[in-house]
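Engineer: Same order as they appear, the protein sequences are chains A and B.
Heads up: the first sequence begins at 1 in full-length UniProt numbering, then just goes up one per residue.
Heads up: the second sequence begins at 1 in full-length UniProt numbering, then just goes up one per residue.
Heads up, some of the hints might be wrong.
[Claimed, not checked] Coverage of chain A stretches by chain B, computed from C-beta distances (three or more under 8 Å per stretch; other residues unrestricted):
#1 217-230
#2 334-343
#3 414-428
The hints are simulated quantities; they were obtained by calculation from the structure and are not laboratory data.
Quick reminder that beta carbons are idealized off the backbone N, C-alpha and C, glycines included.
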Amino acid sequence: MKKSFLMGVAVAALFAGAAPAADLKFAPGQDSKFNWKSYDEFKAAHADLKGQPLTIFGPWRGEDEAFFRSVLAYFTEATGVDAKYSSSENYEQQIVIDTQAGSPPNVAILPQPGLLADLAGKGFLTPLGDDNSKWIKDNYGAGDSWVGYGTYKGKDGKEAFYAFPYKADVKSLVWYVPENFEEAGYKIPTTMEELHALTDQIVKDGGVPWCIGLGSGGATGWPATDWVEDIMLRMQPPEAYDKWTTNELKFTDPAVVAAIDEFGKFAKNEKYVDGGVAAVASTDFRDSPKGLFAVPPKCYLHHQASFIPSFFPEGTKLGQDADFFYMPTYAAHPELGKPVLGAGTLVSITKDSKAARAFIDFLKSPIAHEVWMAQSSFLTPYKGVSTDAYANPQMKKEGEILTSATTFRFDGSDLMPGKIGAGAFWTGMVDFVGGKSAEEAAGEIQSAWDGIK
Amino acid sequence: MLSQIVSALGVVVVAVFACSAYFYFSNKILDLALPVSDGDVRAASRNLNRRAVIRPWLFLGPALFLLFVYLVYPVVATFILSFYDRSGLQFVGLANYKWAIGDREFRQSIFNNILWLAVVPAACTFFGLVIAVMTDRIWWGNIAKSIVFMPMAISFVGASVIWKFIYEYRGGNDVQIGLLNAIVQLFGGTPEVWISVPFWNNFFLMVILIWIQTGFAMVILSAALRGIPEETIEAAVIDGANGWQIFWRIMVPQVWGTIAVVWTTITILVLKVFDIVLTMTNGQWQTMVLANLMFDWMFRGGGDSGRSAVIAIIIMLAVTPIMIWNVRRANRELKGH
């Protein structure tokens with residue numbers, strides 16, 4: 001008995017020893033495209049945290065999780081903090097459960113300001129302080145917008161800065177395969193009118209223009225909300241967009257219905273979408289872009305955010321095998337400029353500790369951004385990073401869209417209350433694609449919104 | 001992994017030890033506190049009586065405590081929460097109940113739940129009974145039974161994932177990888193996105209639960225059928241009854257009690273149906289049921305504890321009469337024997 005117990009302990013110790021002692025992807029101080037000075041400074045300032053625990057809960061899974069862990073390794077290495085990252089497919093629900101149950105992680109990373117505002121209102125978040133909000137304002141592209149997206153009313157009804165933006169996505173992108181465009185002789189459209197013309201041209205040539213997939217398990221429908229938001233920003237001024245996300249502008253407003261209808265022009269045309277209209281709602285958004293790379297191509301265009309290359313076939317070289325163009329604006333609305341729709345994950349402290357504060361500080365160092373940038377699938381509006389660190393010229397191009405943005409608007413569905421932005425809006429879009437009219441779908445979303453007041 | 005196993009084993013050992021220690025020592029203390037000594041006979045008999053009164057509570061205590069903490073308290077807390085607003089801080093009276101009655105999605109869920117209740121228990125019991133009767137007569141009956149029973153071993157989510165592939169739809173000219181669509185195509189039909197066909201998609205989801213639960217019904221009913229005295233069937237055969245008559249007039253009445261048990265058990269299960277809907281549709285395409293609606297209001301984006309509490313209470317109220325009836329029937333049966 002005693003012997004086997006000792007054996008067990010020995011084997012356990014063996015396995016524990018095998019856990020990697022924070023492998024750093026890029027050796028500190030070597031590659032000059034990284035800002036190693038910021039790393040050393042951070043290390044010097046936070047040497048007193050050795051062995052302290054830190055739990056982080058975030059939305060990143062799969063490849064992204066591996067990237068985030070590689071960034072976290074630098075934090076661990078610098079501070080000696082015992083940091084643990086976990087995630088969940090249904091992170092929106094998980095974080096509500098964890099906070100309500102009184103056992104939140106130290107740090108929660110969420111892509112939904114609406115959800116964070118809810119949590120802040122219930123007193124589950126710790127304010128990050130004015131110096132952090134000022135830092136964002138000074139160092140991020142369109143910093144004011146970002147501060148706004150992290151500022152909520154707390155339990156006491158007072159506004160404070162609760163969520164630190166880290167990692168952004170640009171959504172106003174249309175993906176295509178340059179080779180296919182060359183072969184067919186298509187040109188990149190510079191206006192929405194041209195995009196419509198191109199769509200028709202592809203059909204005329206016997207092809208299918210779009211791959212659209214709204215499937216996402218329990219979150220089915222969200223890719224359509226991105227479409228509608230992108231179109232909203234191109235048909236209405238940003239102020240109307242802001243009012244829409246707070247329901248000052250109702251879903252049943254002709255402006256919103258028109259935007260939904262405009263999306264329907266692409267998605268509800270049997271000839272425009274790969275697999276026909278019926279396939280739109282049922283195709284998984286992760287599978288959807290694969291049609292671009294089929295031979296012969298199943299489609300030529302795919303509207304999706306900057307994260308989508310993670311789901312491209314393995315070995316796809318960005319810029320060569322796949323590229324993107326900015327989702328064009330209407331020539332009929334020149335006054336709206338070139339708006340950018342985006343999103344991002346926001347880091348908030350759900351259980352205060354010194355290590356959690358140090359983690360926020362870590363995110364202010366360029367190295368926390370550059371390590372992930374260099375491994376792709378990471379964009380940042382942080383102006384202090386070296387853009388040479390981006391893994392490829394395409395990402396650099398996207399990153400520059402963010403740092404130089406003036407009209408930047410956050411994903412609208414993430415700003416709306418959870419029941420709408422992560423519920424009724426999704427369902428409404430699925431119903432719309434399934435055959436309901438834009439008025440009907442919008443009416444149902446609006447009545448759901450009326451229901452939560 | 002190994003360290004988890006080691007610590008899990010450790011917890012089991014400690015828990016078992018702690019439990020036995022509790023019973024042993026609490027018993028001992030009781031005996032010491034109320035001594036039965038030879039000296040005073042009257043005191044001894046009084047103490048003996050007291051011991052008899054206290055001992056059951058001592059032994060039931062932990063179970064009652066856990067029952068209270070995990071069952072009674074949550075029910076009461078949920079009931080109270082149902083009168084408060086979304087944050088659970090502001091008293092709003094019956095507003096949440098009023099909302100529920102007026103809400104389209106809520107009524108849809110009630111309708112769907114009734115649909116599930118009407119179809120699933122009946123189908124499971126019917127198929128279970130038919131399979132039990134038929135497999136009794138054939139040499140490969142046990143193999144067939146094992147196959148029918150096997151889905152019971154699969155989790156609801158696992159089963160849903162399997163059926164997701166059966167209903168899978170591929171657009172346009174792609175090869176259909178979904179079994180159902182492949183069959184439809186084989187016979188010249190047009191493939192459908194089954195899980196988004198309004199109204200009927202409810203039935204496609206129900207099939208999954210029927211598939212899982214028929215095995216359960218079959219096993220219980222099969223055992224009951226075995227208990228039918230051979231003589232009654234023999235007598236019926238001699239009297240010239242055909243198979244159909246034997247089934248309906250002899251077998252079914254004799255296993256009626258068991259049918260009721262199977263039926264109610266599955267009914268309660270159906271009222272709690274959640275995983276299948278979450279995995280397959282998450283309530284979209286008008287397949288929402290009460291349990292999912294509750295989860296939706298509680299956990300999607302911030303949460304509304306008031307409204308989700310109302311829905312939880314309604315689910316509980318719906319289950320209660322069936323439970324009471326079931327318990328009463330079980331009691332009657334116990335007394336009868």
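Engineer: Closer than 8 Å Cβ to Cβ for three or more residues is the test here. Does the stretch 334-343 of chain A pass it with chain B?
Structural biologist: As far as the stretch 334-343 of chain A goes, the hint is violated, because 0 residues have Cβ atoms under 8 Å from chain B.
Engineer: At least three residues with a C-beta closer than 8 Å to a C-beta of chain B: is that true for the stretch 414-428 of chain A?
Structural biologist: Satisfied; 8 residues make the cut.
Engineer: Report holds or violated for chain B covering the stretch 217-230 of chain A, Cβ cut-off 8 Å, minimum 3 residues.
Structural biologist: holds (count 5)
The earlier numbered hint that this structure contradicts is number 2, and it is the only one.
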